[in-house]
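Number of protein chains: 2
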Amino acid sequence: MTVDTTVSNKIICDLEKNRAEELEKILKPALELVINHVKDTDAGKKNIGPRFEDPKELCGILDLDHLENLFDRSIKKDANDPAGEIVAVFEKVLNNSVNTWHTGFMDKLYASTNPVGMLSDLLLSVLNTNSHVFTVSPAITVIELKVAQKYASLFGFTGPKAGGLTFNGGSWSNITSLQMARSLLFPETKLNGNFGKRFAIYTSVHAHYSIEKAAILLGLGANAVFKIPVDSRGRMCVDSLQETIEKSIMSGFTPLYVSATAGTTVFGSFDPFEEIAKVAKKYHIWFHIDGSWGGNAIFSTTRKQLLKGSELADSITSNPHKMLGVPTTCSFLLVPNNRVFTQANSLLAPYLFHNVVDENENYDLAKGTMGCGRRADAVKFYFGWLWYGTKGYTERVDHAYDIAEYFADRISGMPGFKNVSDNPPPCLQVCFYYNPTPDMKCSGSEMTKITRYIAHSLHSSGEFLIDFAPNPNDSVSGEDHGEFFRAVFNSPMITSDTVDELIRKIVEFGEQCS
Amino acid sequence: MTVDTTVSNKIICDLEKNRAEELEKILKPALELVINHVKDTDAGKKNIGPRFEDPKELCGILDLDHLENLFDRSIKKDANDPAGEIVAVFEKVLNNSVNTWHTGFMDKLYASTNPVGMLSDLLLSVLNTNSHVFTVSPAITVIELKVAQKYASLFGFTGPKAGGLTFNGGSWSNITSLQMARSLLFPETKLNGNFGKRFAIYTSVHAHYSIEKAAILLGLGANAVFKIPVDSRGRMCVDSLQETIEKSIMSGFTPLYVSATAGTTVFGSFDPFEEIAKVAKKYHIWFHIDGSWGGNAIFSTTRKQLLKGSELADSITSNPHKMLGVPTTCSFLLVPNNRVFTQANSLLAPYLFHNVVDENENYDLAKGTMGCGRRADAVKFYFGWLWYGTKGYTERVDHAYDIAEYFADRISGMPGFKNVSDNPPPCLQVCFYYNPTPDMKCSGSEMTKITRYIAHSLHSSGEFLIDFAPNPNDSVSGEDHGEFFRAVFNSPMITSDTVDELIRKIVEFGEQCS
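Chains Y and P supply the protein sequences, listed in that same order.
Sequential numbering from 0 applies to the first sequence in numbering that gives the first Met the number 0.
Sequential numbering from 0 applies to the second sequence in numbering that gives the first Met the number 0.
Please keep in mind that the hints were generated in silico from the structure rather than gathered at the bench.
Heads up, the beta-carbon is just placed ideally off N, CA and C, and yes, glycines get one too.
Check each hint, because a few of them may be wrong.
Unchecked claim - Derived Cβ-Cβ restraints for the label pairs, each shown as a range:
1. 183/Y with 512/P: 39 to 45 Å
2. 67/Y with 60/P: 49 to 55 Å
3. 512/P with 346/Y: 49 to 55 Å
4. 473/Y with 8/P: 33 to 39 Å
5. 67/P with 43/Y: 37 to 43 Å
6. 8/P with 445/Y: 33 to 39 Å
7. 338/Y with 475/P: 27 to 33 Å
8. 91/P with 411/Y: 47 to 53 Å
9. 346/Y with 476/P: 16 to 22 Å
10. 157/P with 448/Y: 37 to 43 Å
11. 346/P with 94/Y: 31 to 37 Å
12. 510/Y with 185/P: 51 to 57 Å
What the hints assert, rightly or not - Facing chain Y, according to a computed beta carbon distance under 8 Å, are these residues of chain P, among others:
13. 25
14. 54
15. 71
16. 117
17. 191
18. 197
19. 204
20. 385
21. 419
Claimed, not checked - In silico contact screen, one side only, chain Y against chain P (beta carbon under 8 Å); selected entries:
22. 38
23. 189
24. 243
If we strip away everything but chain Y, and leave its shape as in the complex, we get (with noise of 0.2 Å):
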């Protein structure tokens, strides 16, 4: 207890004395190092970061075994520049980090955000609120109700009540739709669980692990997912879907829900949605649909069409944080009527939730989450998309839609390429092996050696980070045709020229592995 003494037994503490100044001093000149990390990123002078081959490497470059002593002390109180060394602290960090504003940046499904982005972000920093009940946030309740309506009715969802929430990620958003499938179509689950009840679950074969992680976690388990084939363009065989529903009846099981994608995570394939709502249908069992990585498709003036179907859905997960650049992470579940989420998720918790405004309208928005705390991801959405307007997220989308057929068409022509992934391009990825000596067949293991020493060449080089994955198709064929190349083409930033670079530096790479 610190007592001043110029006033008897007030009890103060000085830790937090001067805040303005403090921000002033700190945040002025770690937003100038942020200035210049972009402006020297898009001036070539800034490479996509260090590559680490050992993690333990990195905790030395850190110091982050001795955070015993680091810890001991205090910048702000024992540095004799403490804005300065914790500016620097953070100047640390940025270097040793990948650099998603770096053009090159090809990896899994997201990149970097934008100024826009940045500025949602610092305002969600400043408010450091928590979307959980209206009192503490009003601005951004509604904001993310009005959103959510708006991106709902993209996607079909055109009713007076159509809406969503976002979840931190779509596993997430694709966990909470199994359980509203659940909470609201056996509503007896509530109290007593799966019990007596073998559920059943269906997606494809190339669906994200997501759905798989969803049934553990629900406690149906992971033998409760029925994997359905796919076609040779990656999409789910509805025949297939129908004779399974049959099969796991006959086996005992009680169909729940089926999960069709909209965007696969390796290959990008857009499921046929209205035939397998018919299915959905006939059996009675919740249609969600996980556009986490494809939804984005329905901004697209070449793409929307692969959403077909869409409408027919119970919910779909699209991300934001994904193909339109806003800030990681904004995942929303969408659904044609939103007081689904308080049926299947609210419980009573009147310390909380004291707020009845409209029996129809919930403004407490946790009530309809399986959680309480929520960051108002849906207000980074909504900045983005007043800054760059529909027809600029259309832009977006469609260009790099043309960036992903561009480099799919050019590798089409040229010797050791071969794109396994369907062509154009259903998504923003294109799938492929490149083997430098193409008169010689490699083995599955050779074909991933050389896949993985390119890859690690790219990033080595400072100028391309591209993931690298196995044919999905091999672990349902047993063969082994060894890891391909799995390339995202979705920064803005990218260009003809950047796709050009990449394919003359997968083969210089490729050269030394031949």
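Assemble chain P onto chain Y, guided by the hints.
Then chain P, alone, in the frame of chain Y:
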């Protein structure tokens, strides 16, 4: 496709030209606004923000009923002064939000952040990366691992593999702990789910609702939650726990998990961990401590002993975003051996996880979660801890306890005030009734009316935001004593003067309803 005619067939997009310049034009004036916001708040020129009775009013102020039109244009391209226009939106949202920087913000369980908190948020914003795999977030992955290990050691997890991961708030940390309990104690559930088993979990009647939500989400159902009575100080009765476990076994349940609380939501009580640990051990069930709110009492010289026995837990939730002013959200799930994360939660996802650097160490952190992408919240705690040092956090927490104690002492002698929480306060809130006419007994509904009237008046005055709640003991006894105030003394800005003024205001508004 934009074709640049100066270079034949070059595909470019002009959405993101001059990013550094744009950052300069947008972020700099926004940062000025932020600094002035804090400066004005500290100078008494800015209050806690407007109170809205009707959310629809806000839609008007923010023009949200016309999103269609707003999104049809692009501020970036169509505005005369785009930077000015988007920063004006920033300011409008800021001014229609709750001002958490104000000393009178005493709402539920968090406070403003601080300059170093904003610095760490800025870093995560510019990085805009994803702490799912090491390759795309080298520095922040090792920071998370090391900081979690250090944090875990405070609670007595001192083994070489002690550590933790961050999740998106205390609820998700608690949910994950239950999932880990089930996966590790009953590994077959990962494949087969709960089928054939009725798992039971135990927590006190005063526990946070996330425990019940966890049971629902995991398919156990709310009926699987056995709520253990508390003693007069709000602490779980261990004899009842033992009896209840026995009874639940007799009725066919399989005991799985007990969640004890460090700092209950309403009263702030700490359960007796050592005794609970013994019971958990006897029945081979997982012993979790939900320290979302009170966990950081570990930094307090006077209250640390309330966490005695924490080293006996299988997992502990503790949230630096609550008691320590780290930006929301920052919640850790801490464990004695961090290998349990991957053991419990990992799936094979070879397109994502490639690295096996060390069999004993996992650097692709998403493997250990039930999600995928994550914001690197641990980095914010790292910056705060470096800045304030362990001694700074101790000073902060001790000060907050001093203030809570001062408030509880002051009202104890005042007519009409009735403290209903334990004294001295085990955590940072004080729950109390205020009856402006102490000679006349109030019914429960009258009490609620008075409490709400005063709380709303405090909010409308712009000087204080404090929350209210029904007495959780009433839901057990069936009585209705009405709602009481729950004032949270979290911010280091609060002095004894603030508390004196709060009491004065309560009495003043009380007069209006006497």
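Quiz item: Per the CB criterion, is residue 117/P less than 8 Å away from chain Y?
Solution: holds, 5 Å
Quiz prompt | Residue hint residue 25/P, partner chain Y, criterion CB-CB below 8 Å | solution = Holds. Min distance 5 Å.
Quiz item: Within 31 to 37 Å or not, the Cβ separation of residue 346/P and residue 94/Y?
Solution: Hint holds: Cβ distance 33 Å, inside 31 to 37 Å.
Quiz item: Quick one, is the residue 189/Y hint okay against chain P at 8 Å, beta carbons?
Solution: Check passed: Cβ of residue 189/Y comes within 6 Å of chain P, closer than 8 Å.
Practice problem: Evaluate the given range 33 to 39 Å for the C-beta pair formed by residue 473/Y and residue 8/P. | Solution: Because 36 Å falls inside the window, the suggested range holds.
Quiz item: Once the shortest beta carbon distance from residue 197/P to chain Y is found, is it less than 8 Å?
Solution: holds, 6 Å
Practice problem: Let me know if the C-beta of residue 419/P comes in closer than 8 Å to any C-beta of chain Y, holds or violated. | Solution: violated, 13 Å
Quiz item: Holds or violated: is the Cβ of residue 38/Y closer than 8 Å to a Cβ in chain P?
Solution: For residue 38/Y, the interface hint holds, since the closest Cβ of chain P sits about 4 Å away, which is under 8 Å.
Quiz item: Do residue 510/Y and residue 185/P keep their Cβ atoms within the hinted range of 51 to 57 Å?
Solution: Holds: the Cβ-Cβ distance is about 54 Å, inside 51 to 57 Å.
Exercise. Kindly confirm whether 49 to 55 Å is satisfied by the beta carbon distance between residue 512/P and residue 346/Y.
Key: Given range 49 to 55 Å: violated, Cβ gap about 31 Å.
Practice problem: Could you check if residue 204/P really has its C-beta closer than 8 Å to a C-beta on chain Y? | Solution: Where the cut-off is 8 Å and the nearest Cβ of chain Y is about 13 Å from residue 204/P, the hint is violated.
Self-check item: Supplied distance hint 39 to 45 Å, evaluated on CB atoms of residue 183/Y and residue 512/P
Solution: holds, 42 Å
Checked against the numbered hints listed earlier, the structure breaks hints 3, 19, 21, 24; every other hint is satisfied.
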